[in-house]
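Q: Taken in order, these protein sequences are the chains called A and B.
Heads up, the first sequence is in my numbering, so the first residue is 112 and it goes up one at a time.
Heads up, the second sequence is in my numbering, so the first residue is 3 and it goes up one at a time.
These aren't lab readings, by the way, just hints derived from the structure by calculation.
Careful: at least some of the hints might be erroneous.
[Claimed, not checked] Subject to a maximum C-alpha distance of 27 Å in a straight line, what follows is the list of computed DSS-like cross-link-like pairs (lysine-lysine):
#	chain 1	residue 1	chain 2	residue 2
1	B	Lys167	B	Lys316
2	A	Lys371	B	Lys155
3	B	Lys155	A	Lys297
4	A	Lys483	A	Lys396
5	B	Lys302	A	Lys297
Since we're looking at a predicted model, the values are computed, not measured.
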Amino acid sequence: MARVHSLVAAVCLLALPLSAESINDAVTSFELDNGMQVVVVEDHRAPVVQQMVWYKAGSADEPIGSSGVAHFLEHLLFKATDTLDSGEFSATVAANGGQDNAFTSYDYTAYFQRVAADRLELMMQMEADRMVNLRLTEDNIATERDVILEERNMRVENNPRSLFNEQLNAVQYYNHRYGVPIIGWKHEMETLSLENALAFYRTYYAPNNAILVVSGDVDPNQVRRMAEATYGLVPANPDLPDRLRTQEPPQSAERRLIYKDPRVAQPYISRSYLAPERNSGAQEKAAALELLATILGHGTTSFLTEKLQFEQPVAVYTAAFYSGTSLDETTFDFLVVPSEGVSMGDAEAALDVALNKFLRTGVDAEQLERIKMQMRAAQIYARDNVDGVANRYGRALTTGLTVEDVQAWPEILQAVTAEQIMAVAREVLRPESSVTGWLMSDDEVTQ
Amino acid sequence: MKLVCAALAWLALSLPALAEVKIQDITTPAGIDAWLVEEHSIPFTALELRFRGGTTLDAPGKRGAVYLMTALLEEGASELDSREFARALESLAASFSFDASDDSVSISARFLTENRDQVLALLRDAIHSPRFDPDAVERVRAQVIASLQNDTKNPDSIARQTFSKRAFGDHPYGSDGEGTIESVSALTREDLQQAHRDVFARDRLYIGAVGDITPEELGALIDKLLGDLPATGRAIPGAADVQLTGGVTIVDFDTPQSVAIFGQRGIERKNPDFFAAYVLNQVLGGGSFESRLMNEVREKRGLTYGVYSYLAPKDLAAVYLGSVASANDRIGEAMSVIRQEWIKAATQGVTEEEVEAAKTYLTGAYPLRFDGNGQIASILAGMQMDGLPIDYIATRNDQIDAVTVEDVNRVAAELLDPDGLRFVVVGQPVGIEETTN
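Isolated chain B, as found in the complex:
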């Protein structure tokens, strides 16, 4: 008992103030906005660039063009071919990573203060003057196709793709941004050059920087790096219809453990009830061991190693997703427990105690995210893409704390839709039937 009392006594104390993250909103001489956190204690800088649009910018019939184009940015630029570029980057002990996801192309760079200008010259070439050399295109294309081939026999990928297709149909969200083996095989160098023009433009650019750099230095750096990007790129597609209906889809695949993705329509980031929904999800299936799903499916019944749910408010649609994996003869029970929990939360709500525990966890865990310069730079760029105010970090926990059990239960009744919950199961599940719709 002694320990328990100690724990309760700790709880009575107020949670500590968040580490002060002093964000400066700068506008460069050329008129580009960026958020900066100066952190001079370690002589390096993390820079995060995001270009909104991502793989949804693929032209019709060119699925995978943005992804392949992004993968080729580090494969030779300006006067340097692929290996020369890699050697130059290594010599400077800097790192770049390029990634294309559904809603953005992101570029994360990390470089030492002492050779910052040389690194930035390389990054500038990668962004502005990628070569798309035919041998590099073929080499990276073969890697992407190898990965797509793996996906065809990976139950997690099959589940994800089947679910996306059901949820979003012909919208770009409905298919894999890496493309298909057929579409990637058919991409030409011109397609990649077109994708490059489609993606990189100033009207969709968001910048976060953290580290050993002053606002003046950052402003000059950004202008040199991005000042002469074109003003606009390809139009971003319109919102996607969430076409999910309730039921079960089974994809037969010979493997011992069935993998299931489940989901329904979600809630947008801008919705005033977003935080209530966020707290609700923490209680229902958020990442901790304390969630109802984890407790019912794993702790009580031992049906799975992990079961989670999460809100996925994307730019062009919002869904509420989850995942679970259980042996073929036990997945049916796991799904039925999940469905029961969905119904229970929708109809009976959650308790005040659960809401308070979730809020304490969420507010306490928030500062743990600010974990290193690269991580913070990424958060800064993400905040801007989400249209959040610059003081959001200081006010976010107050917004969570303001959520009441009444809010959560009102949102639970509105949002949770047991009849609209779709399960996609990949494996050879025993005792469950595919629904006909």
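Just chain A, same shape as in the assembly:
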């Protein structure tokens, strides 16, 4: 035991150099005349650069009936433009020794290339080109729609856990598009048309709806010059709509689902609660929720692991998740995988007993200090992964946050008190805004 005490004591002596050479020092941001925002994250250790262009348009911005069109369009952006043949974008990246891809989420769609630093301007030319010059054909639509349907097969139809999650999400949100899967409902994906894709493209793909994030061995002034010579030439879309979404009404009914699938080998319980997200200038609640998730369900030392895996071993795995980087209301989630021979009902009851106990006993001060210590250290480790930092800015700036919000976040996390964590726990962990799901194989009885 003496060892532990000396280790804990040592923590107090650590004075991590937060202000000196923080990752923030490597970040520059500015805006082009057409409204395109630019963020540059410098790292000169290797002559490599990553360009990302993030559009403030994701699946939650899709028109009703066209679920999946944001992601479908993401695939179609690799087809022909006025100056490039279909497939030539990626072929050119590859011919320059680079790698490229793209991804779509609820609130954004992003495209990226990783290349040698001296290839950046070419990447910018091509990315600026496909922002407005895409030339799609009916043939592209038919083939690529088959590809996204196979992608859905792979990610969702072949995976009972994904099917279960779709059902849970759809029930969590009564009125917000976060209840519709990013990849789309299958029956709507099957009907996506050229017109659907082009309408989304013309509405949202414009410099005044995009953020350029460049990370790696670059000089911010050169990035500005190159961005002005490429993206700067693309006119803003004066008709860009405001980003208004249907919002959730008050949620006042606890919901329960049972999803059965013969392909389930390991049943588990999922519980989600509607939760506030990070908002510009008001991130304190989200910071408290982030700490709450870590305290309750991240790893061996977390509260739920202690209660459900050590004290009373009813679960083989427990976890809590919260991701506050979201334009609208997000969720706070729990997962409990019952031990062999423990019923779903007993495992769920143990989760509730543990959560109630936590609400009564409060935060362990030592645990909170360890978590904060790790968060401080994460800023040192972050300097080793500037592409990860670039990602963080892209996600934040497409979900209503500013560069200042991103830079303030670590200090806001450090300032969170045990009282704030308990207050937000009581506010968010309300049964009336929760969905509890049991994923089971179809030969099991429910009680």
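Go by the hints and put chain B onto chain A.
A: Positioned in the frame of chain A, the structure of chain B alone reads:
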């Protein structure tokens, strides 16, 4: 056209020099070798330890012992039980990860300069004095069994295991290193202690380190950490026979999309033609959108989200593998296109243009791998395990550039074996027959 011309003009320029990775080959006072890249700009170090042998070191009837033993290293050591150990590690803001794969047990550690000695004391305990407390053993055993249960209903796992069994039979490569539900259930604490003695020894150790540490500091650290490991461990099994034959194996599984793994005999890392084969694979089915398989199966026909092939030169056998997934009524067509491409590349070869494009991609993508201290430490340990020279990073792209279309096509004719290509399909594929052999 303007953009295309710009692209071609760029190509004419020579590719940039690789970031200089200055590797120092150090030998510690106790005589242990390690490769180090000093990188003092960020105050932390990434350390990668590899012990050759991995899960092939499981004793007969003890499948999964090495895997379970490795998973238990962070579950209590010396005076600390599982939770005390985790809390101590968190307090120091360091991270350890332990993994057991077919050919090695790897330990990746990341720690700040300011508390390096305390972290290393913890890591030393984890490696030398894991407790294997009965409650920790049962807890982690239950987690491994839960994962094995999931595998029994996961089409990707079923395909992988069925393929391995066909390829390697009773050799350890022929079964899952995590073990079976039966074998893991039967493992005793003594089995884990034996696995621990079997794995950790100096005669199979490879070390890469990158970060804020000098050669002298690293030497002292390694000696403290590993100096008193035993000289030898369990003998590593002999080479595995690749028993693959051409044909189709179907595993019936009720799911909408069939998953297929395909493969044939491969080529060893040490073979002088390895780079020619590597370029060939890049053209045929390498990871980019440009490969023939991706183009024919996805871009032209929309039959899949992804189709890939890759060389898998393991320590004890070499195979050439690939994977594809398509709806049950379309997998047959996808497989037939893949088989046609295999035949076409074997008989007609590839074009000079394709070879040049693949070489440009491979040489250009190489520097992108050196992406952070942990990644580089892992590359350094891997290079040593593969017996590569210390100047390999500087010469690797020249070796790729030296590959000619003649080399590639000679190797394509020798290596690609359409008649020896085995498909294992899991799902309910329509219109394809299982072969009898």
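Q: The structure should be examined with respect to each hint, and the outcome stated for every one.
A: Going down the list of hints, with the structure as the test:
no., hint, in the structure
1, Lys167(B) to Lys316(B), "holds, 16 Å"
2, Lys371(A) to Lys155(B), "holds, 14 Å"
3, Lys155(B) to Lys297(A), "holds, 23 Å"
4, Lys483(A) to Lys396(A), "holds, 16 Å"
5, Lys302(B) to Lys297(A), "holds, 22 Å"
Checked against the numbered hints above, the structure violates none of them.
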